[in-house]
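Peer 1: In case you want the letters, here they are:
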Amino acid sequence: MGEGDEVIFPQVIFIIANVIIFFLLISFVYRASSGALVYEQVYAKEISLILDNAKPNTNVSIDFSKGFEISEKNGWGQGDFNKLVNVSDSKVHVSLAKEGGYYSMYFSDLLVEFTFDKVQERLIIKIK
Amino acid sequence: MNKLGGEKLLSIWWFFCLALVLVGVIFGVVLFYGGEYDIRSQEAGALYGNFFSCFVKDNAFLDSNVLDKDFDIFKECKINSELFKKEGSKFFFKVGVYDESSVLIVDEILMGDYSLEKNCANLEGIDAEAFPKCSAGTEFFFYVEDNMIKKGYLSILTASNSRGGTFKNGN
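Protein sequence lines correspond, in order, to chains A and B.
Take 1 as the starting number for the first sequence in our numbering and just add one per residue.
Take 1 as the starting number for the second sequence in our numbering and just add one per residue.
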């Protein structure tokens, strides 16, 4: 090995190691910020606030593109979208992964029905 | 000399420092995204608005049903009574209907976890994490008595200490 190789070789390894580590770090931050945990909570709380403020006979449509995207990535609820969002015992349950999900309470006593528009990527909340 | 420099760069200390940075960033990210979105203020506000729009109807007149002895606040205001009646309730409300001289027109209605009311009173200027978020105020209305239009006011206090949580899907 020449003297030049001895100088370059450790530096190349060093640069590659750093690039790999920082790539892993950035991908971790990205995954954490766009993962199911964050969106499950956001959707659950958004829907419970909508229900708390809603008047009877109202339809509310919200953007659910991230919900569809994450659940599809996790292979969850594709045959039955009602697994993604449902209500029971005054709680809004949102589950975007098969492991579980997040719930948020609401105090409204109105009847609620969810329909999913996959094409428009929207969740339609019918309040009766 | 150069070889020594290369060894220095790849030394265990460099990776130790890198590991420290990684742990710091991961800790920060988990702390930030693992935290909860606090909507208790909005819930208390929604409950407040719900009572106001339920008690005071068209043209700022008090709903005549309120003066009935059989007035059921949960039924009229479309609120789930179970959440307020059960033990360990995360909500509280107190609604008083007064005439202009601050005399109660109907009995004060209060329900939920009574300790939240005390906590609301203690919250003046304090931002305590475990304490509830409250919404309080007075709203004026008109009502008819003895064929005369009179003025009164509603005193509403609502509190929410409801936090969400995670659940596991049943297989």
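By construction, these hints were calculated from the structure, which means they are not laboratory data.
Hints may contain errors.
Stated by the list, open to error - Think about it this way: if two alpha-carbon atoms lie no more than 16 angstroms apart in a straight line, the pair counts; the simulated EDC-like pairs of lysine to aspartate or glutamate are:
id : chain 1 : residue 1 : chain 2 : residue 2
1  : A       : K126      : A       : E72
2  : B       : K86       : A       : D89
3  : A       : K73       : A       : E121
4  : A       : K128      : A       : E99
5  : A       : K83       : A       : E69
6  : B       : K85       : B       : D113
7  : A       : K83       : A       : D117
8  : B       : K151      : B       : D70
9  : A       : K91       : B       : E82
10 : A       : K128      : A       : E113
11 : B       : K150      : B       : E100
12 : A       : K55       : B       : D113
13 : A       : K83       : A       : D109
14 : B       : K151      : B       : D58
15 : B       : K69       : B       : E108
16 : B       : K90       : A       : D89
17 : B       : K85       : A       : D117
18 : A       : K66       : A       : E46
19 : A       : K128      : B       : E76
20 : B       : K85       : A       : D89
21 : B       : K90       : B       : D38
22 : B       : K90       : B       : D107
23 : A       : K118      : A       : D63
24 : B       : K94       : B       : D72
25 : B       : K78       : A       : D109
26 : B       : K75       : A       : D109
27 : B       : K90       : B       : E117
28 : B       : K69       : B       : D107
29 : A       : K98       : A       : D63
30 : B       : K168      : A       : D109
Peer 1: Holds or violated: B:K86 and A:D89, Cα atoms, limit 16 angstroms.
Peer 2: Roughly 12 angstroms between the alpha carbons, so the hint for B:K86 and A:D89 holds.
Peer 1: Is the straight-line distance between the alpha-carbon of A:K118 and that of A:D63 16 angstroms or less?
Peer 2: Judged against 16 angstroms, a Cα distance of about 10 angstroms means the pair holds.
Peer 1: Do the alpha carbons of A:K128 and A:E113 lie within 16 angstroms of each other, as the hint requires?
Peer 2: Roughly 8 angstroms separates the two Cα atoms, so the pair holds.
Peer 1: Check whether the Cα positions of A:K55 and B:D113 lie no farther apart than 16 angstroms.
Peer 2: Judged against 16 angstroms, a Cα distance of about 26 angstroms means the pair is violated.
Peer 1: Quick one, are A:K128 and A:E99 close enough, alpha carbons at most 16 angstroms?
Peer 2: Status violated; Cα separation ~31 angstroms.
Peer 1: Next pair to validate is B:K90 with A:D89; report whether the Cα-Cα distance is within 16 angstroms.
Peer 2: 14 angstroms, holds
Peer 1: Does the alpha-carbon distance linking B:K85 and A:D89 stay inside the 16 angstroms limit?
Peer 2: This hinted pair holds, its Cα atoms lying about 14 angstroms apart.
Peer 1: For the pair we were handed, B:K90 and B:E117, check the Cα-Cα distance against 16 angstroms.
Peer 2: 11 angstroms, holds
Peer 1: Given the hinted pair A:K83 and A:D117, is their alpha-carbon gap at most 16 angstroms?
Peer 2: With Cα atoms ~15 angstroms apart, A:K83 and A:D117 stay inside 16 angstroms; holds.
Peer 1: Given the proposed pairing of B:K69 with B:E108, does the C-alpha separation stay at or below 16 angstroms?
Peer 2: 12 angstroms, holds
Peer 1: Is the Cα-Cα distance between A:K83 and A:E69 16 angstroms or less?
Peer 2: 14 angstroms, holds
Peer 1: Given the hint that A:K66 pairs with A:E46, test it: the Cα-Cα distance must not exceed 16 angstroms.
Peer 2: 14 angstroms, holds
The earlier numbered hints that this structure contradicts are 1, 4, 8, 12, 13, 17, 22, 29 and 30.
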